[in-house]
Amino acid sequence: MTPRYHPSEERLLEHATGTLGSGPRLVIAAHLRACAACSAEVRLIEAVGGVLLENLPLTTLRADALAQALARLERPQIDTPAGMIVQQPEWISVAPVVLDAARRRRRWAAPGVWVAPVTGVAGGARTYLLRVGPGMSIPRHTHRGSELICVLKGGYADGGAVHGPGDFAESDDSVEHTPVITTDGECVCLVFADGRLVPRDWVGRLFQPIVRI
Amino acid sequence: MSTALGVTADPKLSELIVAIGERKDREAFATLFNHFAPRVKSYLMRLGAGPEAAEELAQETLFTVWRRAEAYDPGRSAASTWIFTIARNLRIDLARRNRRPVLTKDPFEPSDGPLSPESALGALQNTAKITAAVALLSPEQSQVIRLAFLSDKPHTEIAKVLGVPLGTVKSRIRLAMARLRGLLEEGP
Numbered sequence: 000m001t002p003r004y005h006p007s008e009e010r011l012l013e014h015a016t017g018t019l020g021s022g023p024r025l026v027i028a029a030h031l032r033a034c035a036a037c038s039a040e041v042r043l044i045e046a047v048g049g050v051l052l053e054n055l056p057l058t059t060l061r062a063d064a065l066a067q068a069l070a071r072l073e074r075p076q077i078d079t080p081a082g083m084i085v086q087q088p089e090w091i092s093v094a095p096v097v098l099d100a101a102r103r104r105r106r107w108a109a110p111g112v113w114v115a116p117v118t119g120v121a122g123g124a125r126t127y128l129l130r131v132g133p134g135m136s137i138p139r140h141t142h143r144g145s146e147l148i149c150v151l152k153g154g155y156a157d158g159g160a161v162h163g164p165g166d167f168a169e170s171d172d173s174v175e176h177t178p179v180i181t182t183d184g185e186c187v188c189l190v191f192a193d194g195r196l197v198p199r200d201w202v203g204r205l206f207q208p209i210v211r212i
Numbered sequence: 000m001s002t003a004l005g006v007t008a009d010p011k012l013s014e015l016i017v018a019i020g021e022r023k024d025r026e027a028f029a030t031l032f033n034h035f036a037p038r039v040k041s042y043l044m045r046l047g048a049g050p051e052a053a054e055e056l057a058q059e060t061l062f063t064v065w066r067r068a069e070a071y072d073p074g075r076s077a078a079s080t081w082i083f084t085i086a087r088n089l090r091i092d093l094a095r096r097n098r099r100p101v102l103t104k105d106p107f108e109p110s111d112g113p114l115s116p117e118s119a120l121g122a123l124q125n126t127a128k129i130t131a132a133v134a135l136l137s138p139e140q141s142q143v144i145r146l147a148f149l150s151d152k153p154h155t156e157i158a159k160v161l162g163v164p165l166g167t168v169k170s171r172i173r174l175a176m177a178r179l180r181g182l183l184e185e186g187p
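Chains as they are written, first to last, in numbering that gives the first Met the number 0: chain D, 0 to 212; chain H, 0 to 187.
Keep in mind that the hints are not guaranteed to be accurate.
To be verified - Taking CB as the label site, the calculated pair distances span:
#1 D:Arg71 with H:Arg22: 12 to 22 Å
#2 D:Arg71 with H:Gly166: 31 to 41 Å
#3 D:Glu175 with H:Gly49: 44 to 54 Å
#4 H:Gly166 with D:Glu175: 17 to 27 Å
#5 H:Ser150 with D:Arg143: 40 to 50 Å
#6 H:Lys159 with D:Arg71: 39 to 49 Å
#7 D:Ser145 with H:Glu21: 24 to 34 Å
#8 H:Ser137 with D:Ser7: 39 to 49 Å
What the hints assert, rightly or not - Output of the computed footprint for chain H on chain D, the stretches with three or more beta carbons under 8 Å from beta carbons of chain H:
#9 45-57
#10 140-146
Stated by the list, open to error - Taking lysine-lysine and the DSBU-like style, the derived pairs with C-alpha atoms no more than 35 Å apart in a straight line are:
#11 H:Lys128 with H:Lys159
#12 H:Lys11 with H:Lys152
#13 H:Lys159 with H:Lys169
#14 D:Lys152 with H:Lys152
#15 H:Lys23 with H:Lys11
#16 D:Lys152 with H:Lys169
Keep in mind that the hints were calculated from the coordinates and are not lab data.
Where is the CB? At the ideal position from N, CA and C, for every residue including glycine.
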């Protein structure tokens, strides 16, 4: 299925230039693996990066730089074995670090809801996997700072829009919503959030301390 | 300043990588190193690395080229594009190890989404064409794109540097990207 909701061009540019932090980078990478159009866009931007690199003035290297480089080729190389992590067959393809989080750090937070931190908390920002059962709704809330989401499995309805696997969404404190998981199965999302959710009703205020997102 | 050893825009650069991938060709590696290492060093210094750190990372970049050359697909990206992504990723990894609290490290990962028909056309591997397209951007668009690549600043900071609202930076980026796409789709 081709994703229908995409990151903005500025986000893709930040991704391609390497300006994004690790959390946003992971979320956008998940979308890119599922989205041929955005991948093509990123490749175009990377090609521009290549052209800029090609046209930069040269900086002199140490006199023995090439000799060092060649000597290094002769040293025995230790190949770090790629981690054997089995891809969750029902998810869109994600980086091993994300699967690893799902395997090792998932914590049931409420009936039907699990959370798995993917990266550490850096300055209040967090990146986590969120699994919510079919038909459940996330209590009405807004956001402190920005939030980036990519659906890995299943889907949710937000207002009139249904987001499915690979779809990307970005919200900030101007967005107040009550996403509802579609009834056909569980929904797993990769989420980066700058700050905590701000619950907008009593259900949310009960929900948040338990789920801690 | 310059140690330009030969080639400036050699279309054979990608063949050098292929030669390394196919037969661990050390001479090809040396040529590639002389071409790209000084540029990668410049790139990293633009992004705020000191000369020592920049040189070390340039070494690492070219060494990664050596190790991963077999995975390089000249039909998919130009040599400069591929090496740019390696330098960028190594820099991200390094910054993360030095500064950010993380539980696990991302794997080395060049953009590896599905290959769409447009990019398979080969327009993207045509460095000359992209160079020409970049040159045709308006000064304002080109400035925003350069700052995005060659300064370690998020777009909010770029807006401050240029003294324009963030919205202006965003619209310049969108216009620049649309322009590039348009120029590249125009044909040879």
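Right, here's what the structure says about each hint:
| no. | hint | result |
| --- | --- | --- |
| 1 | D:Arg71 with H:Arg22: 12 to 22 Å | holds, 18 Å |
| 2 | D:Arg71 with H:Gly166: 31 to 41 Å | violated, 47 Å |
| 3 | D:Glu175 with H:Gly49: 44 to 54 Å | holds, 46 Å |
| 4 | H:Gly166 with D:Glu175: 17 to 27 Å | holds, 22 Å |
| 5 | H:Ser150 with D:Arg143: 40 to 50 Å | violated, 28 Å |
| 6 | H:Lys159 with D:Arg71: 39 to 49 Å | holds, 41 Å |
| 7 | D:Ser145 with H:Glu21: 24 to 34 Å | violated, 45 Å |
| 8 | H:Ser137 with D:Ser7: 39 to 49 Å | violated, 21 Å |
| 9 | 45-57 | holds (count 13) |
| 10 | 140-146 | violated (count 0) |
| 11 | H:Lys128 with H:Lys159 | holds, 32 Å |
| 12 | H:Lys11 with H:Lys152 | holds, 33 Å |
| 13 | H:Lys159 with H:Lys169 | holds, 13 Å |
| 14 | D:Lys152 with H:Lys152 | holds, 33 Å |
| 15 | H:Lys23 with H:Lys11 | holds, 17 Å |
| 16 | D:Lys152 with H:Lys169 | holds, 31 Å |
Hint compliance for this structure: hints 2, 5, 7, 8, 10 are not met, and every other hint is.
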